[in-house]
Each structure stands twice: as structure tokens, then as C-alpha cells.
Amino acid sequence: MNAWIVWPVVVPLAAATLSVLAGQRMARVIIGSATVAIVGALAGLTLQVWQNGPQRHVIGGWEPPLGIQLYADGLSVVMLWMSTVVGALIGVYALGYFAHDSGTTGTAATGEHGDNSELFWPLWLFLWAALHALFLSADIFNLYVTLELLGLAGVALVNLAGGQLALVAGMRYLLASLLGSLAYFLGVAFLYATCGVLDVRMLSTRVSAHPAVWLAIAVMTLGLLLKTALFPLHFWLPPAHANAPAPVSALLSALVVKASFYLLLRLWFQVFSVVLPPVAGQVLGILGVLAILWGSVLALRQQRLKLLVAYSTVAQIGYLFVLFPLAGGTAWGAAAWSGGTFHALAHACAKAAMFMAAGTMMAALGHDHLHELAGMGQRLPLSMFAFALAGVSLMGLPPSGGFVAKWLLLDAALASGQWWWGAVLIVGGLLAAGYVFLVLRQAFAPLPADVRYRPVPRVMELAALSLALLAFLLGLMAIPPLTLLQIGAPFVGGLGTEALP
Amino acid sequence: MNAAVLYTLMGVGLFSIGLHGFLAQPHLLRKVLALNIMGSGVFAVLMATAWRGPQLPPDPVPHALVLTGIVVAVSATAFALALLRRIHTATGRASLPEDTAA
Amino acid sequence: MSWDTALPVLVLLSSLVPGLVIFFLREEQSRVRTALNLAGAVVKIGLVGIMLWGVYHERHYETRLPLLPGLDLILRADALAMLLTTLSAGLWLVTTIFAVGYLEGSPHRSRFFGFFSLCVTATMGIALAHNLLTFFVFYELLTLTTYPLVIHRGTPQALRAGRTYLVYTLAGSAVLLLGIVWLHRVAGPFSFTQGGALSHLGPQSHGTLLVIFALLIAGVGVKAALVPLHGWLPVAMVAPAPVSALLHAVAVVKAGAFGVVRVVYEVFGIRFAADLGVTTPLALLAALTIVYGSLRAVVQDDLKRRLAYSTVSQVSYIALGVATPGSISSIGGIVHLVHQGIMKITLFFCAGNLAETLGIHRVSEMNGVGRRMPWTMVAFTVAALGMIGVPPMAGFISKWYLGVGAVEAGQGWIIAVLAASSALNAAYFLPILHTAWFKHPTGEWKEEHPRGRFEADWRLLLPSLVTAALVIATGLFASTVMSPLTWAKLIAAREYQP
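Protein chains in written order, with our numbering: chain A, -3 to 497; chain B, 211 to 312; chain C, 173 to 670.
Because the hints were derived from the structure by calculation, they are not lab data. A quick note: this is a predicted structure, and the numbers were derived from the prediction, not measured. Just so you know, not all the hints are guaranteed correct.
Derived DEER-like restraints, expressed as beta-carbon distance ranges [what the hints assert, rightly or not]:
(1) C:193 / B:298: 25 to 31 Å
(2) A:297 / C:453: 38 to 44 Å
(3) A:442 / C:443: 22 to 28 Å
(4) A:274 / C:358: 21 to 27 Å
(5) A:24 / B:239: 36 to 42 Å
Idealized CB from N, CA, C, for every residue including glycine.
Please work from the sequences and hints to get the whole structure.
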């Protein structure tokens, strides 16, 4: 049985179609069984990759260049697990969220266009399928198609909220997303023109320092940076993520931005690594640093909880790009590579949990003004606790996943003699503590007597808490994912063991 | 300069015109059209790569890519237009707030 | 998993599990909560007792969990670890009793006792940590679990204090993390080793090691309240009295001082540190802190603030003893880990009792309080005299070894520092004793809580009497087998083995 690899894509796609046709009542059954099937297929695929190394699969026996090929290595498998676990828990949360939402009218979550919640499930499944297809695609054109599908599903989800703010934010997101994809697509055309292939592995042997290749690198990178919302191309992210319904914010911030980052990693380290000069990585690193500082400072200045969390995403994306200047040398490349990708993983869990907790508080209060959250620790202790645990991971404190990522990146920074990147990581952690505790201190303030408060479904709180716990304890189970990340990675071995015993 | 290079340059030119329109035009319909022009530019570049010589049949792969690309572009355009209509209904404007202000 | 590998984990779980369960208890389930707390504390003392016995008989208790590639989370019961675990386990029990009495009827007790137990768990982890990574993990957990305790009251003042506390401790741990990662880059993975783990490194890395030493000491120095990193400690006094007691005696400040001991002895090694030339600056910094803290304490009227500055001063005795070359000073420094803990916790118990029973917060309000609350003031007096260094109290033993060690090391200036400090100790403690015992009460007490059979609620009184008795006992029976001094001698002897 070699075809485990196709099911993580096929199952959500089929389930999405079915859930449109079957209507609301069957939706739960479909989603539940789809999730179980995806987890099963992924377990099978993981075992294959673990035992036999990277897997390739040619769909329908049609060989490239005309046919479609799927490819899975350690990085893809880790990303797939990330999207499956985080996506599934967001689904659980959404069950409670939309049930709560449809029970009342005129809340912040439903706009003037009424209840769109039945559209959430098919769109969420489409998004899942697009994500999984992206993580498994082996050629740059299919990657373009998946990127576009992902963007369209994401924008549609943002618009579920209805309301002017969400519509405008969705439009801005759509335009940025299409522009990014088109720039990437132009790069695909140039690469095909010069190299004559689309397959990632074959491309890596054929790229040379040709002007068309340079142009391709430039437009593809810019397009993907726009989609990843790296400073200064982040302008579209905060409004889109803050105005979407909470489960959508979680999906976008945790998973969707990681997709274009993943693609950038593949391109830079597996296709263009032979031609790219080290200074290119430095440029991305500097943008990452600016993102960390700018995003954190803006997060500190926000008055609304969801905007604070959204700007935190801008800052946390910056950490991902510190990987680029550090993953240059062989001795510390592995630490940087693992640290950066592990950060993506940890941030996905933490940020989803944070948006979910914020959404719960917003559903209870009807708004998310920061200075009116006083006493939330008494009203919604589980949500506050989830927010706190997720915050610990964002700050990079042990034993969270964020800590492991920070340790590895810091190690790579010191090993490469570029200590200043390490200093930025540390300052970024302190700034994150600043905005996380801005929220947490409200938990301890006395509860005002006159605040109206609506009970929220318990399942929302529990889903957020599960993800937050996962983010918090990820550091204690870091070895399996870190080992998995080494399979098929451009940097192998030497992780933390090169110094003398 | 052969025909392939000419077509490629034309494609890049179209892309650039589209990009300029996208950035400079506040009206959302024009932005969507500009994106389509950019897309056509990319298609032109791809078509140019299909040419393999006067006697050889053209490379089929770029055709497949362009066809798929057109499908994607049509869907995205349809979606963008629907969204545009909803924004127009809700706000009475057909541009983003920051562009209107400027 | 055998008993020997499970025991360190069980010691942590004995407070972790009650803590987590307590979070889910309703506010009014105070009996269940108290029962859980006390059961956890008693079980912990039992487990620590077994471990103490085993370590004394050269058994090895160790738990490992792979955390990072090539780096494990290691919990191991060595002699130094046992010093802090025993202290924490014992004082946790009495502090729990005190806290139950102190917080009776106040809101958010489930939250309080939950974090209280987590805080003890983190302290145990710090004590048992056998490498810098493990130490750091629990050091940070301690920061996170004490923050809710510091701002427990939720007043604007408490929230401000919490912010100050976080700014200091998080900045400190950021520096510490940098030092730890860098050291692992230079030296590779290593565990705490008696006599030091770095002496194999050649002279070419000595410059780097100097910087790393500074980073590590700055990192642990924040919690140890070394001047100029002490600013958070007096501010954190807004916390409820049991929290202050815990912070000053066993948890935060002690974790910092314990970190200094580990870094100097078991990371760098005292001989190697002396060769690098870092011990003298550390001793000078400690001496400066001792004198500065005492000077500030003299002018404080707020009782808890005076005690806080006293802590700044007294904890640095540990750093001073550790940084003075020679095994006798080391004994003085290490034994003060325990002695300072039991003396300071007694003082805070008494201060909390005075505040809770009579509403006394200032020294100037204490006129004649010795007549109203004689037992409380007896306990206070014993601890205060111990702090000054009056024989046969615990503090005398510490100061004696520090002094003799200074002579042995030929560092006469340390004697001068000790003398000045003792004079200042007397200058800020004796007036309190005089006010309490010899002045006449000025009139009505601010508030008077209905007393039971004793001068105060027994849960507020008993803990201070127990710890006061320990202050005397550790001094009187210093030369017996299981005394802190004997352990300190054992540890010091091993650190100085060639």
C-alpha cells in the first residue's frame, strides 16, 4: 500500500463536496468521519516516511511533466500534522461557536447579512484540502494552483462574518492574495522558460545564474512574502484576521500564512540554494527583525483583543524569517532549519488557541475591548488559562514549543557568530511578554458588577485549552517532530551535538 | 531577437501594465481587470515558451498550464466581482476606504 | 520505571497534582482544598525524607527525559539538591497552614492555592535540576507561577507591582537563556559536576567564559536580588504575607541564590572560577548588596519593606560565602541557604500575623505589641536575634563560618563587611524589639480580630513558633548528623575535592 499520500487531499475535498450536497444535518457526521480518515491516512504516511524516507507518488500513472506528482518528506509530514491537529480542533471549536452564534441575533459575529454558518463547513474542508495539497505538491505549477485555492477559500471564510469591516478586509485580503499568486505564477513561467521542467527536484539540478532565473526568484519571493504578510507587506493581515469569525481567524493566522512560508522554504533551500548569495538571506532576516519589532510594538498599542492577537501574528511571522540568514552553514544549518520550522508548528498551536480564547471572550461579552476585559479570569477561567498557556509559547518560555524553537535558533545564531539575530529573538520574546501580560493582568482585576455576560458553550473553551496545552507541552515532545524534520531536509545531522562532550 | 523572446517581453510588458493599473486605480473593478491583464501577461510568457523551433511541434505542457491558469483566473475573477457587488451594496462605494480617502 | 528513577518525579507530582486539582474546586470547598494541600505537603515530606535517607546512603535517584537533541531534562537528587528540597518541603507544610488561616474568608482561594502548589513544584524542580537546561525550565516556571500570587489582590498597586516583577524577572531570564545557550555552544552538553564542568576548556575560550559567567550571574542575580537588580523585591511586598514568606525564604530569592551556588560550584567550579578571576568581583558585588540592603532596611518604617531589604542583604551572604575561596566560607554560604530561609520565614509569619490580627503594618504602630501577642513576638525576637548573629541561633553559625573562612582566605575586608552588616542588622531589628517589648501601647489597636484560645488564630501562630524553634535547633544542634551544617560540610568537601 503506497497510496497513503493521496488521502489527506482526497478526503477533505470529497467531504467538502458532500457537505454542500448533504446539508446541515449530515455535516457533523461527514466532518467527523473525514477527520478520522485524515488522521488515519496521515499516520500511515508518517510511518512510511519514518521507515523509508521521502515518498513520491505519481497520480494515475501519468508521469511528469504532464502528470501530477505528490511528494512527502519530513517537513511535509510535520506540516500536515500541524494542519490536521490544529484544523480539527478549530472544527470542534466551530461547532460550539456557530451553535452559540445562531442562538442569538445581532452579535458581533453575525453581521447584517445574517447567518452564514452553514457555509463554514464546506469552506473549512476546502481550505484543508488546499493546504494538504500544497504541502504534498512536488511541482511549482501545482503549487500555484493550491496557493490560489487556499487564498480563495480563506477570503470566503473571512466574509462569513458579513458586515462592512469584514467585507472590506476580505477584499483587501483577496487583492493581496491574487497579486501574490500572480507574481508567483510569473516566476513559474520564467522558470519553465529557462529550465523546461516544473518538478521541484529536477529544477534544483537545472537552475543557473541566468537573468530569467533571477527575475523568477525575485517575483516569486515577493509574491510569497506578500502572502505570508512579512513586514512591510503585512498591511492586509491585521484587519482580515481580526474581523473574521474567531474560528476563521484561527485558521488563517495559524495555518494559512504558514503555507506560503512553507513554499518559500522549499524554493529557497531546495531549488534556488545553488544560485542564491548569502546576502539574500540576510535581507529576509532583516525584514523578519523589523516584523518582530514593528508587529510587537503595534500589538502593544492595540485597544482590541483580536487586533492585538493579529499584530502578534505579524511579529511571530518575523521569527520564521530569522531562519534564512542562519541556515547558511553546514554546522548550524540543521539547528536553524529545525528551529524555524518548529517555530511554525508551535506558533500554529499557540496562535489558534489564542484566537479561539479571544473569540470565546468576545462571544461572552459581545465585544473585545481590551480595557473592558477586567475579571475575565473569573468569568471564563479556562479561556484565560488557554490564552496564558498559548502566551507562554509565544514568549518562548519553557517548556513550550516556542522555547524549543527559540533555543535552536539562538543556538544557530551563536554558532554562526551572528549573535545579533539571537539578541533580536530575545528582545522579541520580551515584547511578546509585554502584550500577552497586557491581557493577562486583566484576568486578575476585580470583576465589574454591571457587565452583561452571556454563557458560552463549554466545548469552545475546551477546544482552545487543548490546543494551548499542546503548545505549552510541545517542548516536552519535541524529539519526534525534530527527528521527522530531518528526513529529506537540506541540512542533515549535527543537531546540537557538534561541540565536544 | 527571435519570436519567443519578443512574446516573452510582451508578456512582461502586459504584466507591468496590469501591475501599474492595480496599484494606481482606486476603483475595485479596475483593480480586478488589472489583475486579469497581469494574468494574460503570464499566459503570454508561457505560450512563448511552447515554441521549440520551426519544424517541431509545440511543447504541450505550457498549453495545459495556461488552460488551468485560465480556469483559476476566471474563478478568482468571478469571486472578486461577487465580493465587489456586496461591498457596493453594503457601503455604497466601489473602492477601499484608504483609496477613497486618498 | 524503577523506584529510583520515579522518586524525583513523584516529589514534583506531590505538589503538582494537588495544585491542578485545586484549580477546579469551587470557592466554598475549603475543606477539600485544605485537605488536598496538607496531604500533598505531608506526602512530599515523606518522599523527601526517603530520598534524604537514600542520598545519605549514596543511592542515586535520577530521572531523564529527552528534551532537545543531545540535551535531556535531568532531575537528580544530589547533596546540594537535598538541602533545598528538604527546606522547601518542610516550609511548604507550615506555610500552607499559615496561608489557610491567613486567607480564610477572602476570595479566589482556589486560584491562590493552585498557583501556590505550582510554585512549590517549580522550586522543587529547581532544586533537583541537574543541568542548566532543566534549571532554566523550572526557573521560568517559577516566574510564571509566582506572578499570579504577587498580583493576587488585583488592586492597581498589586498590578503595578506585578509589572515590575515581570520586567525584572523576564529580563533576567532572557539574559540567563543567552548565557546558557552560549555556554552549550562553547562547551557542549554537560551536567552539573562537583568541582566544575568547564575546567577542560583551554585558555582561548576564557574570554568568552568571562562574558558567559557575567550573563549567568546577571540572570540568576535578578531573583537573588543582587544590587542593582533587586528593585522588584521591595515592590513585590504588596503580595499577601504567605506569598512574601514563600518568595523570600524558599522560592524566588532562594532559587536565585541557589543558582549562584550551582553556577559557581558545579558549572565553572570554584577553582576554575578563581583562576578566571571572577570570584572577587562576585564577592564584592555580594558585599555591596549586603551593606546596601541593610542601610535601606534601617530607614524603612513599613515592617514588610524593612524585612524585604533585610532579605536583599541576607541572601547575599550566600553569594559572598560561595565567592570567597576556601571550603570554610563555602560551608557558611551553603548553610545560609537553609538558615536564612527558616529565619526569614519566621519573621514574615509574624509580620503577617500582626497585620491580620491587629492591623499592624508599620514599625511605629508596634508599641507594646509584645504584651498583646507575646508568643508571636517571642518567635519574632528569636528570628531577629538569629539574623543579627547572636549565638546559639542559626544565623550565628552562618556568620561564624563566613568569618573564619574570610580569615582562612586572607580576605580581611570581608570581616569588616560582616561586622558592619551585623551592626546594621542590630540597628534595624533591635528598635523593633524595643518598641514591641518595652514601649507602652498607644491605645486601641487598629482592628482586633476575635481570638480563640490563643493570642491569634492558631494557624497563624503555630507556624512561626515551629520555625522559631528550628532557628534555635539548627544552631544548637549544628554538629549532629542530619543538621544543615553537616550537609553543608559534606557538600563543601566534595566541591573542593581535587
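For this session: Give me the numbers of the hints this structure contradicts, sorted from smallest to largest.
Result: 1 and 3
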